[in-house]
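Asker: One letter stands for each residue in the lines below.
Protein chains: 2
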Amino acid sequence: MASEFTKHNEIYVKDQHKPNLPLPPSKKLLIVTCMDARIDSFAALGIQQGEAHHVRNAGGRVQEAIRSIIISQRLLGAREIAVIHHTGCGMLTFTTEQLRDTVKKDVVDDSTKAEIDKINFLEFGDLEESVREDVRILQENPLVLKGTKVTGWVFQVEDGKLVHIV
Amino acid sequence: MASEFTKHNEIYVKDQHKPNLPLPPSKKLLIVTCMDARIDSFAALGIQQGEAHHVRNAGGRVQEAIRSIIISQRLLGAREIAVIHHTGCGMLTFTTEQLRDTVKKDVVDDSTKAEIDKINFLEFGDLEESVREDVRILQENPLVLKGTKVTGWVFQVEDGKLVHIV
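Chains A and B, in that order, are what the protein sequence lines are.
Numbered by numbering that gives the first Met the number 0, the letters in the first sequence go through residues 0 to 165 in order.
Numbered by numbering that gives the first Met the number 0, the letters in the second sequence go through residues 0 to 165 in order.
In case anyone wonders, no lab produced these hints; they're calculated from the structure.
Quantities reported herein were computed from a predicted structural model and do not represent experimental measurements.
There could be a bad hint or two in this list.
A pair holds if it fits inside one copy or across any two, identical chains being indistinguishable in the list.
Calculated lysine-lysine pairs in the DSSO-like style (CA-CA distance at most 27 angstroms, straight line) [claimed, not checked]:
1) Lys160 x Lys104
2) Lys160 x Lys6
3) Lys26 x Lys160
4) Lys26 x Lys104
5) Lys17 x Lys6
Extracted from the complex, chain A is given alone in its bound form (with noise of 0.2 angstroms):
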């Protein structure tokens, strides 16, 4: 697949894109969200190249943002976060005890079976809780800049709709 990036590539180097943009977002925006194969994160949001920042993770978890966010806000000036999970997310369908134990599977080597243990799949039970969750994070984080906007939003995949939810 990768090998066919290049051929598109040509294409939208002539039809689509807007040369020499400045570095920082000129909305003041970073979003985090799933690296879900549905979701067009410019797209869906009718974002704009250099408007915004993009987080992207497995789930649109915060606590794996953190880097991210500080640099964004500290070097780049971002002032506001949106967080968007998803409808018919992958994280909805396991638990990391599960996940741990199928990795561990395929390993020999008693180190690398206690770095998997060490890992915390983020997955989650409740989709607008896990909303909930990760903007209350932030806001109660003390490395995200006071005063920061964030909001939280619910993207369904099957009809492309964004719900707002705090």
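Let chain A serve as the given structure and place chain B on it in line with the hints.
Answerer: Using the frame of chain A, we list chain B on its own:
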């Protein structure tokens, strides 16, 4: 800015969203790239909704993507990883030591200061070398599935061109 999401999203729902796609990424591909506002990782690579996982953080560093990669590979079938760093990256402009000092200036309590001193901001001094390093980290990590194809790229924010590194 997030207040404008709903207005834009209504247009997206009507014209662009592909409804009811399956959860696993159809191209079995995971992309790791930077949160940078100028990188539209769908448009720039010609990726369609449903095809690939998009993991994004400051710099596009794989050290912070391992949790997501395990979930993507073990639960959702990804078998290929593309690492994409970019020109003009903020990660080329500071050191962890400098940023820790900046953040600590706003903090009074000692436990938060100690927490800041534990953060490695994962900056880099050479762009191509950071791509090679991240590809190597994934190739050598026992938590990444054996046989995973890993490629490394540089995205040029000035002109939108993608350059194959490794």
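Asker: Against this structure, judge whether each hint is valid.
Answerer: Tested hints:
| no. | hint | verdict |
| --- | --- | --- |
| 1 | Lys160 x Lys104 | neither (39 angstroms within a copy, 41 angstroms between copies) |
| 2 | Lys160 x Lys6 | between (31 angstroms within a copy, 11 angstroms between copies) |
| 3 | Lys26 x Lys160 | both (22 angstroms within a copy, 24 angstroms between copies) |
| 4 | Lys26 x Lys104 | between (46 angstroms within a copy, 26 angstroms between copies) |
| 5 | Lys17 x Lys6 | both (19 angstroms within a copy, 23 angstroms between copies) |
Violated hints amount to a single one, hint 1; each of the other numbered hints is respected by the structure.
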